[in-house]
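Peer 1: As you go down the protein sequences, you meet chains H and B in turn.
So for the first sequence, our numbering puts the first residue at 1; every next one is plus one.
So for the second sequence, our numbering puts the first residue at 1001; every next one is plus one.
Source of the hints: derived by calculation from the structure; they are not laboratory data.
Even for Gly, the Cβ is constructed at its ideal location relative to N, Cα and C.
One should not assume that every hint holds.
What the hints assert, rightly or not - Quick look at which bits of chain H chain B covers, simulated, 3 or more residues with Cβ under 8 angstroms:
| no. | stretch |
| --- | --- |
| 1 | 30 to 41 |
| 2 | 62 to 75 |
| 3 | 172 to 183 |
| 4 | 223 to 234 |
| 5 | 310 to 316 |
| 6 | 329 to 339 |
| 7 | 434 to 445 |
Stated by the list, open to error - Below, computed lysine to any residue pairings styled on SDA-like, alpha-carbon distance capped at 25 angstroms:
| no. | chain 1 | residue 1 | chain 2 | residue 2 |
| --- | --- | --- | --- | --- |
| 8 | H | K201 | B | A1190 |
| 9 | B | K1363 | H | P139 |
| 10 | B | K1363 | H | E55 |
| 11 | H | K363 | H | F116 |
| 12 | B | K1201 | H | F332 |
| 13 | B | K1201 | H | A428 |
| 14 | B | K1201 | H | E321 |
| 15 | B | K1363 | B | A1190 |
| 16 | B | K1201 | B | S1304 |
| 17 | B | K1201 | H | P188 |
| 18 | H | K40 | H | S7 |
| 19 | H | K201 | B | L1012 |
| 20 | H | K201 | B | H1399 |
| 21 | B | K1201 | B | E1016 |
| 22 | B | K1363 | H | F332 |
| 23 | B | K1363 | H | I14 |
| 24 | H | K201 | B | T1113 |
| 25 | H | K363 | B | E1016 |
| 26 | B | K1201 | H | A190 |
| 27 | B | K1201 | H | R328 |
| 28 | H | K363 | B | L1012 |
There are 2 protein chains.
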Amino acid sequence: MLTYDLSERGSLPIYEYLARRIRDDVLSGELPAGERLPSKRALAEHLGVSVVTVEAAYAQLEAEGCLLARPRRGYFVAEAARGPRSAPPQPRAASPEEERPWALDLRGSRVDTSRFPVAAWARLTRQVLSDGGGALLSPVPHQGLRPLRQAISDFLAGYKGMSAPPENIVVGAGAEFMYILLAQLLGPGAAIAVEDPGYPKIRQVYSRSGALCRPLPLDGGGVSLDALRASGALALHISPSHQFPTGLVTPMPRRQALLRWARETGGYIIEDDYDSELRFSGRPLPTLQSIDPAGRVVYMNTFSQTISPSMRIGYLVLPPELMARWRRELGFYSCAVPALEQHVLSRFLAGGHYERHLARMRKEYRSLRSEVLSAFRGSPFARRISIDERGAGLHFLLHLDTDRSDAELRERAASLGVHLAFLSDYAAAHSAPEHTLVISYAALSRAQLPEAMELLSRVLEG
Amino acid sequence: MLTYDLSERGSLPIYEYLARRIRDDVLSGELPAGERLPSKRALAEHLGVSVVTVEAAYAQLEAEGCLLARPRRGYFVAEAARGPRSAPPQPRAASPEEERPWALDLRGSRVDTSRFPVAAWARLTRQVLSDGGGALLSPVPHQGLRPLRQAISDFLAGYKGMSAPPENIVVGAGAEFMYILLAQLLGPGAAIAVEDPGYPKIRQVYSRSGALCRPLPLDGGGVSLDALRASGALALHISPSHQFPTGLVTPMPRRQALLRWARETGGYIIEDDYDSELRFSGRPLPTLQSIDPAGRVVYMNTFSQTISPSMRIGYLVLPPELMARWRRELGFYSCAVPALEQHVLSRFLAGGHYERHLARMRKEYRSLRSEVLSAFRGSPFARRISIDERGAGLHFLLHLDTDRSDAELRERAASLGVHLAFLSDYAAAHSAPEHTLVISYAALSRAQLPEAMELLSRVLEG
Chain H
1 MLTYDLSERG SLPIYEYLAR RIRDDVLSGE LPAGERLPSK RALAEHLGVS VVTVEAAYAQ
61 LEAEGCLLAR PRRGYFVAEA ARGPRSAPPQ PRAASPEEER PWALDLRGSR VDTSRFPVAA
121 WARLTRQVLS DGGGALLSPV PHQGLRPLRQ AISDFLAGYK GMSAPPENIV VGAGAEFMYI
181 LLAQLLGPGA AIAVEDPGYP KIRQVYSRSG ALCRPLPLDG GGVSLDALRA SGALALHISP
241 SHQFPTGLVT PMPRRQALLR WARETGGYII EDDYDSELRF SGRPLPTLQS IDPAGRVVYM
301 NTFSQTISPS MRIGYLVLPP ELMARWRREL GFYSCAVPAL EQHVLSRFLA GGHYERHLAR
361 MRKEYRSLRS EVLSAFRGSP FARRISIDER GAGLHFLLHL DTDRSDAELR ERAASLGVHL
421 AFLSDYAAAH SAPEHTLVIS YAALSRAQLP EAMELLSRVL EG
Chain B
1001 MLTYDLSERG SLPIYEYLAR RIRDDVLSGE LPAGERLPSK RALAEHLGVS VVTVEAAYAQ
1061 LEAEGCLLAR PRRGYFVAEA ARGPRSAPPQ PRAASPEEER PWALDLRGSR VDTSRFPVAA
1121 WARLTRQVLS DGGGALLSPV PHQGLRPLRQ AISDFLAGYK GMSAPPENIV VGAGAEFMYI
1181 LLAQLLGPGA AIAVEDPGYP KIRQVYSRSG ALCRPLPLDG GGVSLDALRA SGALALHISP
1241 SHQFPTGLVT PMPRRQALLR WARETGGYII EDDYDSELRF SGRPLPTLQS IDPAGRVVYM
1301 NTFSQTISPS MRIGYLVLPP ELMARWRREL GFYSCAVPAL EQHVLSRFLA GGHYERHLAR
1361 MRKEYRSLRS EVLSAFRGSP FARRISIDER GAGLHFLLHL DTDRSDAELR ERAASLGVHL
1421 AFLSDYAAAH SAPEHTLVIS YAALSRAQLP EAMELLSRVL EG
């Protein structure tokens, strides 16, 4: 007779626990196919439960196809309900390696979120929530909430002098998701030219999304036009306002030449304006989108650099031709950003909080940046470095005068707990200069600077 | 001399407004390449501004590459800085068609969110926000927040008897995003078998993501095994607990046969458990994932059906082999769900709110469903219909006894403001039976039922 210890059932109803135990025995082969089960009455008596309980368990197992009920004969184990005989227990996946805690991390993609106006954001969130759930739960248009697209449009007009009507804006869950959408929009096998050296995720996401990446070398003005023409690319993905990692700013004549390439070849330019709000000297150049009357430019940006990478919201501004294609071919995609964030961000933008936050961030980063640069210039190794910075963004380049290879330096640094990024780390098809560090200073604190210089000095010494 | 009305500059600094106006003239060709600009002093005097202001504007335009500074000779318009001559204004994209307001919408994918415990959700959100921004702004692991993965793991263990360690869970921004990730995980050109008829977005997303869809016909137990074997598919995407739109529940013997197929061919089964929480009679069958010791099943689910489609959160439970591949090949993807939602949802789950909400939802839907079924069975056309429902989910099938084609019925319904979904709408490669409506009752209200029956009666009459 089937014997189960019903006291182990925890909070499960008895019938459910009984069904689970019998099912386990069927799946393991303990109860072989064709075996007749005890009558409901007999099993109920044996286990000290009601007949109704056993009946419910048998009925459940019959509904699942584990048992067969034969009229007036009782329940039998179904054929083929059993699992494989010697089922090994499913192993757990190994845990991912823990992030190593670095004594000094100059590679981090962290931004300083300590200046974020959490109180204002929280207040706006409470406001949205107090609307009784409507804003939280009602459906979101696939392009994103209209008030958010309007607020983005207004921001782009006022802050960057761009004309980006809300109808042409698509809100997406961060840059990577938008790269996927763009690859799908351009079609399978589309060749997309990218900057080399460049941000590796752009290449990774495009390649995984079925596009063919064509890394183009950079000259002093950005991507090489000759290489672009020779690449046969359908689209060019660039960050003309502040290239990562070189910091290059593409000057106006090159911008016009790139736009000419797009018009003449029917190509597209994806203008990835990822950190253009963080400019510390002068004003930003006009975006390619705003000097492109022919509709060849896709503008994209996110709030990751300026608010937090943990808030995955970005947007595309599509030119009319691609907007129409998006609606036709990709319009089935739901907007992947939760409604709550969209409502809060739209109020954050419309209420001027974002522009005030940007002003504070610029001030803070400008000051931190200048202290970091001073620390380097006053360091024991000051004569062995030269700094290449363009008064913008959260990183700058630092050239080292050294005989050691990048690999040696990296190893030496790691042994001291220092995490370094080299320009050569970001190279794809073309070699990048050695001995050039990409310094992400945003995660540094002022208090850390003396120790940081001491550690770097030991990396470089000897 | 250049003359600009500086009173039109709004809130812009004068130098910035001046730079913008000069830039516009350069871009339009109004100021031709090579033209020499007035001296700073002369222009300052002419416009009644300070020399420093003009200097700042010129310096900005020089930095952009719009102007060239020649020592001791002044500023000149740069070559190639000009845009195309006859630049047509960029047209706005046409607005997408407005959603038609239907008198009766039986097709909607809306779920009834009125029972969602907004107050509890709002309270948890306030709690998270009161932690001072840490939870809002600190980095999120790429697989999703650990506490959320733990809470999902606990929920799956308690609610479905599943063993899904947090290490094997990947949190994603809704079902569509997870379909994209799965297609990328299986590799370009992977053949994925899908149910036919089935949820169209599955086919759409997979196809756009580089996979090859193989629609398989259904028999009474789910996808046909012969067709599956013949398809040569690497993976099979199914909803065995309640297929959309047919409502089929795959019985245990078929489940075992599908798992055998996966083991024997090295294939994978993607178990899309999209509405399994909404079961109104009996208990759910064990998931494929929980009876698969060989690690061939990817389990996926979202909170869209049970909380709201506007909260784009879902998750994958990957078997060890695919989890390792995800870390190796796709681990670069950031988690696309904002940190705030992850913190709130993890508390919502861990605090038991979700299970209580599910219990309320089931009660509410069971009662609405039964009233809707009664209304159909008591309608004037009751003798011309038969209902096919499995006591689960937010839809059921309704077969019509009619001579009219589905196209005629749809047109007739539309003329009365009634939005109908037919089983044949969801067919891909195989024809589906005509005269079968897919009734999504979740967006119906009780008060609407008499009018709904009256409208449907008019669609069917004659």
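Peer 1: Taking the hints in turn, state whether each one holds.
Peer 2: Checked hints:
1. 30 to 41: Answer violated; 0 residues pass the 8 angstroms Cβ test.
2. 62 to 75: holds (count 4)
3. 172 to 183: holds (count 5)
4. 223 to 234: Answer violated; 0 residues pass the 8 angstroms Cβ test.
5. 310 to 316: holds (count 4)
6. 329 to 339: holds (count 11)
7. 434 to 445: violated (count 0)
8. H/K201 - B/A1190: holds (23 angstroms)
9. B/K1363 - H/P139: holds (23 angstroms)
10. B/K1363 - H/E55: Between B/K1363 and H/E55 the Cα gap is close to 24 angstroms, so the pair holds against 25 angstroms.
11. H/K363 - H/F116: holds (13 angstroms)
12. B/K1201 - H/F332: Cα-Cα ~7 angstroms, so holds.
13. B/K1201 - H/A428: Given that 25 angstroms is the threshold and the Cα spacing comes to 35 angstroms, the pair is violated.
14. B/K1201 - H/E321: With a Cα-Cα distance of about 24 angstroms, the restraint between B/K1201 and H/E321 holds, given a limit of 25 angstroms.
15. B/K1363 - B/A1190: violated (41 angstroms)
16. B/K1201 - B/S1304: holds (15 angstroms)
17. B/K1201 - H/P188: holds (18 angstroms)
18. H/K40 - H/S7: Roughly 20 angstroms between the alpha carbons, so the hint for H/K40 and H/S7 holds.
19. H/K201 - B/L1012: violated (36 angstroms)
20. H/K201 - B/H1399: Distance ~51 angstroms between H/K201 and B/H1399 Cα, so the pair is violated.
21. B/K1201 - B/E1016: Roughly 48 angstroms between the alpha carbons, so the hint for B/K1201 and B/E1016 is violated.
22. B/K1363 - H/F332: Violated: B/K1363 and H/F332 sit about 32 angstroms apart, past 25 angstroms.
23. B/K1363 - H/I14: holds (22 angstroms)
24. H/K201 - B/T1113: violated (37 angstroms)
25. H/K363 - B/E1016: holds (19 angstroms)
26. B/K1201 - H/A190: holds (23 angstroms)
27. B/K1201 - H/R328: holds (14 angstroms)
28. H/K363 - B/L1012: holds (19 angstroms)
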